[in-house]
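Top line first, the protein sequences correspond to chains A and B. Quick note on numbering: the numbering used here labels position 324 of the first sequence as 324, and the sequence is numbered without any gaps. Here the numbering used here = 1-based position in the second sequence + 375.
Since the hints were derived computationally from the structure, they do not count as laboratory data. Not one of these hints is a red herring.
Under the rule of at most 20 Å between Cα atoms (straight-line distance), these lysine to any residue pairs were calculated in the SDA-like manner: (1) B:K417 to B:G629; (2) B:K520 to A:R146; (3) A:K138 to B:P522; (4) A:K103 to A:S82; (5) A:K208 to B:W614; (6) A:K49 to B:A725; (7) B:K520 to A:Q151; (8) B:K520 to A:E150.
Away from chain A, derived, C-beta distances all over 10 Å, residues of chain B: (9) L423; (10) V471; (11) S475; (12) R478; (13) K628; (14) S666; (15) A672; (16) M777.
For glycine and all other residues, C-beta sits at the position ideal for the given N, C-alpha and C.
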Amino acid sequence: MFERLRSMLVKEFIQVLRDPKMRFIIFLIPVFQTLVFGYAVNTDVQHVKTAVYDRDNSAESRDLTARFAESGYFDIVEYVDSDENARDLIDRSRVKVVLRMDKGFSAALRAGHSAPVQLLLDGTDSNTAGIVLNYAGKISAAYNDRIQMEQAGRINGLPATIGGIELVSRAWFNENLESRNFYIPAVIANIVFIITMLLSSMAVVREKEIGTMEQIIVTPIRKSEFILGKTVPFVLIGFIDVALITIVATFWFGVPIRGSIALLFGATALFLMSSLGFGLFISTISRTQQQAMMSAFFFIFPAMLLSGFAFPIENMPQPVQWLTYLNPLRYYLVIIRGIFLKGVGMVILWPQFFALFVLGLIILFFAVNRFRKTL
Amino acid sequence: MCRACRGIPLYAPLLAGTGACPLHILRRKVMNLLRVKAVAKKEFIHILRDPRSLGMGIAMPMLLLFLFGYALTLDVDRVPLIVWDQNNTPASRELVSRFSGSRYFALYRHADNYRDIERAINRRDALIAIIIPSNFAKLVESGRKAPVQALLDGSDPNTATYALGYAESVSRSYSRDINLRILRRVSGIEPEFGHLDVRPRVWFNTDMVSRNYLFPGLIAVIMMIIAALLTSLTVAREWETGTMEQLISTPLKGSELILGKVVPYFVIGILDLILSVLVGEFIFDIPLHGSLWLLFAMSVIFLTGALSLGVLISIIARNQLVASQLALVATMLPAFLLSGFIFPIDNMPAPVQGITYIVTARYFVKILRDIYLKDAGLAIMAGEAGLLLIFSIAAIAVSIRMFRKKIE
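Make a model of the complete structure from these sequences and hints.
This is how it looks when you write it as structure tokens:
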């Protein structure tokens, strides 16, 4: 049995690695993808391009403008002098925000009234707009506190202090709230999923499509040996890719890895059961590589989008949330993020490991059962 | 006299030596539309014979549309909250009820030690913990600052930023009310302070719904995916299964083959476009403020370029496995990640922003958003439209050049 398996493996490795383009794809593209992901996938909102429409032009209005500029969140790139100009800048996406102060702004402040400040926002990108609103609220609250302190000091008998709450916040696991630390570990899962599932499904169908399957069928090789021969190379490729991406993530991007690397590889092994199982299953239902590729993506897209990679699962409607429990990628992501950012171990992650294992077994069982070594 | 049409005389001295009229020169040197039609017909039959691939070419966009329309949102509300109220006085309970009463937070449960909080956050049962100190009421009543701790799960920074922003705004309004109450009590008068009254006005996507932002961009992504999944394998398949030899033995030219290959997939792409627009309009109520004609015109240009790029990949790869991976890296991932579809280009570092200029989906995503949300006309998007057109022509030209009608 080992003799046959060995020759099958030798054939597969030759086939996978023979083409220089293929070597490039398997080993360099994951690194390239990690680099692109690492730099491109970023939801930190800073340096929002802002225009100022200051109709009051007083010490107070300039002070407020300066506070927006100094916050680091807003970059004042233009001053406008009419609504049309402001509108045009937003239309052309030159600025995202226009800060507008009307005549009488400073007078109202000094007289102790409420002084309206208008914030025109381009809401196209709702996420950025929401965060910008938060920032503006923060700046104006600080500004209000100072005014109150000054003016209360002037009224007799009032304490010139500001009480209330001081919110002392601390973010665990990712102290500076860098989105890179959140997304890059997840890239491992996505790349391993795509490469192993797509390649394994297409590799089997390829034999059918170009006719070499007939030659394999006439050999004494058993079904189990054939399946092992087809999947083992991709298991290895999967592990190598995980290692490569982890190296890039930690040494190039400085993503912390706080948990155990052995656990990461253990989870990868369990996850590969699912992804190769899916690949094998697709190969049993496809005749051409085109079909295999399409079917693979029919799994890959929902699996990636419903994994919590970019879109939080908590925000999904309840029925869809239930559906995500069937998604192996979901568990793998929780494990990877847990290991990288939280440094947690089996004590916390065992339900995910268990779920990955069970899902992997079921998927593999179905795939192997469906697999026929016939035409 | 043109030898092919007999009867059409050749007046122009330029054509005299060639012995053919312009139509036949085009036919001889560039392409013969009859042969294009033949290839297109063959490709159509190929598609129709494989109903599953065709079905998926339609079903995949629908799946994505429904996922993005129904399930996927970046909007953060009802953040699960865990509270440890060490003070347990009317003042602290009021603060807690302001948190739990806000539509941004959902009280997961009360805790009375750090271990509970740690476990809840580790398991993501709660994303934020509010810890009120035992001397809270005393500090607040005496007009001093009471430190309230907010512990967040920072692993998802986007959600954490939102949660923190909400927490800050809850505590701000609480502080303000407390301050006024104290001042009123101390002074006996109704004190009035000047304060800013920030009035946000949101344009274009007034309710700030992420679906309206994502949906238009999704059309660009779908077109790119169709191109990558369907066309990237077509030429490679002919090479791999050996049918290319038969095609080579015919008088077919590279340009005819490529155009013939693109036409059927173009039809599928347009079908997907129509379906996407209809689903957006009637199922998800995505407002389409701009011109439908402009939308279609721009889509035709983009789709042509995307499909030609797919064919180009197929020509370069010669092998379906390689072609599928190249298509993934050269078309799908950039369309998802570098087009500004989900992740704003403004946030990227300068070198990566530079790369996005060659990702055509970037221009198309912007055009689609301008049309859908801003009702922008051709004047505003002329630059992007021009670049798309140049890219599409270049993609066709390069694929024709790269195609070798030779067996190696």
